[in-house]
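Chemist: The lines below spell out each chain.
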Amino acid sequence: MHSYSIRTLDELKEFLHRAMQLEHATIPPYLTALYSIKPGVNQDATQVLRVIVVEEMLHLTIAANILNAIGGTPDLTRPDFAVSYPASLPDGETDFKVSIQAFSRDALATFLKIERPAQRPEHLAGKGLIQRKASLHTTALGGHPMHEDLYFYSIGEFYAAIVEGIKYLEAEAHRAGTSIFTGDRSRQITSEYYYSGGGELFPVTDLKSALEAIELVIEQGEGDGGGIYDDDEHELAHYYRFEELVEGRYYQKGDQPGHPTGPQLHVDWEGAYPIQQNLKVNDITGDRELLEATIAFNIRYGEFLQLLTRAYNGQPSLLLEAVPIMFEFRNMILELIRNPLRGYPGKNGSPTYEIPSSTKQPAITRQAEVTA
Amino acid sequence: MLFPLEAALKADAKTVEASGDYDIVIVGAGISGAIIAQQAVEAGKRVLILEAGTGANSTLAGYDDLLTTFYSAASKDNQSPFPLNANAAMPRSPQLRKLQAGETDSSTYIVQSGPYVSDTTYTRIFGGTTMHWEAKTPRLLRSDFKTRTNFGQGLDWPLSFEEIEDDYRLAEREIGVSANVEDQQYLQQTFPDGYVFPMRGLPLSYLDQQVNKGIEGTNVELYGKTYPLKVRPYPQGRNSIPNPAYDGGKGYRPIGAVNTHQVEEGGRCQGNTNCVPLCPVQARYHSGKTLAKAFAANGKQGGRLVELLSQAVASRVDIDPESGKVRSLEVKVYKDPASPAHETITVKGKVFVLAAGAIETARLMLASGLRSTSGLVGRNLMDHAYLLNWALMPQICGTMRGTSSTGGIVDLRDGPFRERQAAFAIDIHNDGWGWATGAPTSDLLELVDDRNLHGADLRRGVIDRVSRQLLLAFMIEVMPVESNRITVDPQYTDALGNMRPILSFTVPEYTMKGAAYGRQFARTIFARLGAQDHTQYDPSDFGYVAYERQGYAIRGGNHLAGTHIMGTTKTNSVVDKNQRSWDHENLYLVGGGSMPTIGTANVTLTLAAMCFRSSRDILKTLH
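These protein sequence lines are chains A and B, in that order. Under our numbering, the first residue of the first sequence carries the number 1, and numbering increases by one thereafter. Under our numbering, the first residue of the second sequence carries the number 1001, and numbering increases by one thereafter.
Just chain B, same shape as in the assembly:
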């Protein structure tokens, strides 16, 4: 697919301000905004997308510049490809430090207070967090939609699995999910007869297979119920082999990617293992692929249906006090990421969609003084709690081959135990201990500095160390708690004078109980594999949490949700089941922030599915 040159050019702030005829104004070019833009353009609607980042990576050259930045970065954290931009700042984990209880750190973009510091991140750039996501795409389980009814925990969704099922399939098509139905039919997950995913499942890595060999056929017991152990493949938002049986035998054509002038990218996954933060060949889906289709529609229809205004940070939602409807958006447009100089424009449209991610959307609402009738804007902040466990396998397992994660142990995603403790899904990391220890750099430094190895001995030493590394990342369920929240305060502002998010988060006891069990579970697995446990949690870790006389380092999962929660009435929620604001009828708050629970599924597929639903509702209101 060609990414037309004219569409990649930035829209002009003056023209945008003068133009009063946008059907839809979307804040954010991540997957939510991209899907809604694409659906609207298909229906012939005029769309403006406001993007806080520079938009440079909407071209292949710009995308490749991000790769160059990543390759040359000393720290390979999940935001390392994305240049510093004080006008659209984002959280970066290397900047974090341990905080004592009551101590506040406002030196980083997100203001946090101790004792627990979250290293959760999201990416403020064209493509949003899909520019750095790992692209695992499991669906929520049926029971995840009714955790209050089923387990007396969390909240029930106003939507059932059955109501969202068709949209899951649309989302799987849009992302181009690679998976085999037969691998995903565990824990009562069902698929319609004849359904196949757009692409065939990616194979399990050699490491996955070695782990499976050690555990398959064994069980664990939990509160009297037996759970079988097995490594199962994850569905993935990255290109494998298109399934010719897809869509009733029509097959699936992988989507291209960001593009400049006849140079097409978006190839097959080659197992580069740096999916996070950035796939070098764009095999991994990012919302630029959906936007490329939306931009291509410009040419087809003659006029320009969709415009992208980059370097445009929405700063206030302006409400008409009489109707409660959004009148306009105040937007700060900066000229240069290196300077806070900006002009402030007013953008008008019929429908407004805030798709800036769970934290930024809530931040913008709160900065506009819009807490909603329920008072729940910014509250119920959720993010999966990750507990890392790492060990050395007795044999060489080929660690560092394959995509970041191809398989996991997922049979404890559901069960009656969820009345008492959080469920979890375990990722087997093909990229070794990197997340936990900084491997393989840390291994190299140790072998050179402490053991004076060089030449063949050093090569042998690295292979022996790195290719036996096993990291099990436990992704643990976190339920909505109103006190876990985002707030704003005029004393904390960014370069443009916008209020920054303040994050208050305590890992709920329900989750910690799951974490404590997870630690035991990991020990059991390591024992069955004959692997040597190297896990240790440092009390000086910024994410250290003490629970029942043990300590755990809890990492953020970047699966942000809950801050504009979806519900049945304007008093128990911020948005309805179409993600439309209860208080402002032409305003949609979309994305993870609408999710009442996150179960043990990475949030992107579900929030993408919800955006197809919202698109239909928006188009209905525009008729």
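The shape of chain A in the complex, shown without the other chains:
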């Protein structure tokens, strides 16, 4: 693993861009599943998904804060930023596909994999990165930015590499009498712009706050390894929240992983619109209105990423303008998923998240650019 460690500030910046890409990549699947739920059913599932998607937005912003702290320039408009679905995520020695799909048992199984705490079995301890052939048409998340066929064993290890890199580079800088935390403080997004739900936004200005920020992201996703709650004992990690839906029962304090003993909750697995999985604009034929609505959503989503980019580059107050856009997304997505898809009996439309600037180029080009 050593030879693939982060050794330059540019490498660290690239890793942090990958972290932003990874955190963002979970938002479209979660958001689509959330809005696919039919009105009046799955109240508990709606709340669980809502909280998690809001926290993923927090994680995206935290990654941007760290990148800003080391003098980087977050860019959500890079052609490789928004991934094409299905995208792949590391799952130990293999990977799995993350799709845009309706709320369902299948979707939940994927969500659990996304958030799963992954510990290496003993025989693989210290064995380094996993080598896999890169697929030409799938964006692989959690890969090594400089080595396209090398993957981290888990998201946890991906972040561990970042932690190691930050520590290493800051120690180096320290010896030279400087610091890697040279970013402009006014570019940090603070708690004025994000609250409610677990976690708070705080400015990243030094090693301590950077490590705390990464810790928060990892804990909210997988838990802290020790238990189902985070270390404040009041917040359940995403993995266990999804597990509650699968198990039909809430966790309560004192519970062991896999064995929730709180009150029952009801999930209606049929209570979602039957949207076509991983739909692409090109699949929509003979329905101009649906086609136009689908494209309009993608254009708006692209504008949203541009707005976030400006917000993360010194104009935090622009995040307030993002709030009404999230309402627009809800309305636009609801329109798409409640309309039948011609040529796919029993299936409805879906947001495709093919962002105009990035979809023009095939996946392979995007990969090449990153390596270059």
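All clues stand as given, with none of them false.
Lysine to aspartate or glutamate pairs mimicking EDC-like chemistry, simulated, CA-CA at most 20 Å apart: (1) B/K1293 - A/E200; (2) B/K1250 - A/E200; (3) A/K13 - A/E215; (4) B/K1348 - B/D1583; (5) B/K1250 - A/E192; (6) A/K38 - B/D1064; (7) A/K38 - B/D1065.
Label pairs and their in silico Cβ distance ranges: (8) B/P1094 - A/E270: 33 to 43 Å; (9) A/E215 - B/A1043: 27 to 37 Å; (10) B/D1012 - A/E215: 37 to 47 Å; (11) A/K38 - B/G1455: 22 to 32 Å; (12) B/P1244 - A/Q264: 41 to 51 Å; (13) B/K1250 - A/Q315: 17 to 27 Å.
Residues of chain B placed beyond 12 Å of chain A at every Cβ, according to the derived structure: (14) E1017; (15) S1328; (16) E1446; (17) V1462.
Don't read these hints as lab results, they were simulated from the structure. We treat Cβ as the ideally placed atom computed from N, Cα and C, and that holds for glycine.
Chain B: place on chain A using the hints.
Modeler: Using the frame of chain A, we list chain B on its own:
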């Protein structure tokens, strides 16, 4: 913040009855009861809260059920989210009808006689009326505390503004008020150097800005004095941007909300425009947020410090004839809102706090035969009189965007004219003519039924009608008058056999003079805006009041006060300046009912401030 599961569970009536060691027994889970409970728990005291409603909305699922009820309700009145419950009934405006002089209507929860019928409401549910309040949080003005001395009207408070100022800041912290100090420094309102509100002010809506464009820089004259016109932002009990400069730079962390199992609510205000009756995202403060903190203290201290007994309607205050102290409360605990079946229990404690709202607290006292030495229990009933004025703006103004009300014209809240006529504050309603005409439903029905519009024409028609609507709601001062009152009568009882409130109210002439001037004032504003006045008051309206050959429809403001008025002696008041009963030393009557005047400020912030004061007094007596 986590709302612990065990605390959300109902306490058991038998255990409560057997338990003799409550330091404080509180009737009502509204903001008054919540603040006192929270303060007491912080001090390690044992507290029992009795709640007449089911308590179901103390969880997020229960809160969301209220939203579902609201969304599916045909009438969107301010009580529409709250299911009917005959055991803890509440006033509902759609049930009202016009009454002739002397005619009595006992078909609604509050018994009223004509000719004037008040549509005032309060909410008997976990969270009390903060479950439906609009959450505007202006302070009373300095002069409001001394209206007798200053204007020869109403009563002076036994408290000065200076004595309550610190508690205003505590209340602003508790509610998480959003406002900018510089916007609130009109009419000699002052703030200590460096003070900022917990959160930054919410921006004025586009409609506010359009109105301001038309009137800023113009004046009105009243009795020879000139008043400048301007739209100013209201302080609000809803989440905006936490101010990092709050509390000497420590910042403010917005409070969570009712909660179930790791699901947190209490987000930023998103401008849903249905603040009243219920915020869909709990951006608007309700007392469940304060109670969540109190309940969370249970875990911290090991034992259970605060218990909530829901479906428990206090029915009688039992006094020890020798000491005059409260011995116990008689409480009727029902099993099911659909059935009057109940058991009657006796609850004991050291201190008793009645925090059931100005009408219910007075009703409970009177039903217990406790009129007080002064005989003032139930008297001096006050509520702001609202006069609605509505017009169509010449241009599209984006009505229906933003929270219910973000700004208003408030420079006539004070002035020497108050010797002769009532002051008023004007709310600009971002939710259009709804309050006055039932818009936008009424507009839709007219466009479809009368004008046969459909498709694009209908959409265009709705936009053209609704987004130009301007409603100015004049909130007019009402002074205490002893004949405006709540009484009880054994012939009028509810499902549990408790006597219901009988309301007798006449809009005082002082107020009507303010209303008549307000109508003229609205015409002036509309003229300056080029807006087309659509205001009309129907003589068959239940709130119709004739005054000087003109007629006005006067609405209630749900800012109830005065029924256990605060004063300097046991002969001129019911409670002292700590809201402690003069007659019963371990009894506190708290809330709007203690207020001697209400000026032109919505009452919640002030009554919340008073409850911090009372909490200190209660804790002192318990030592």
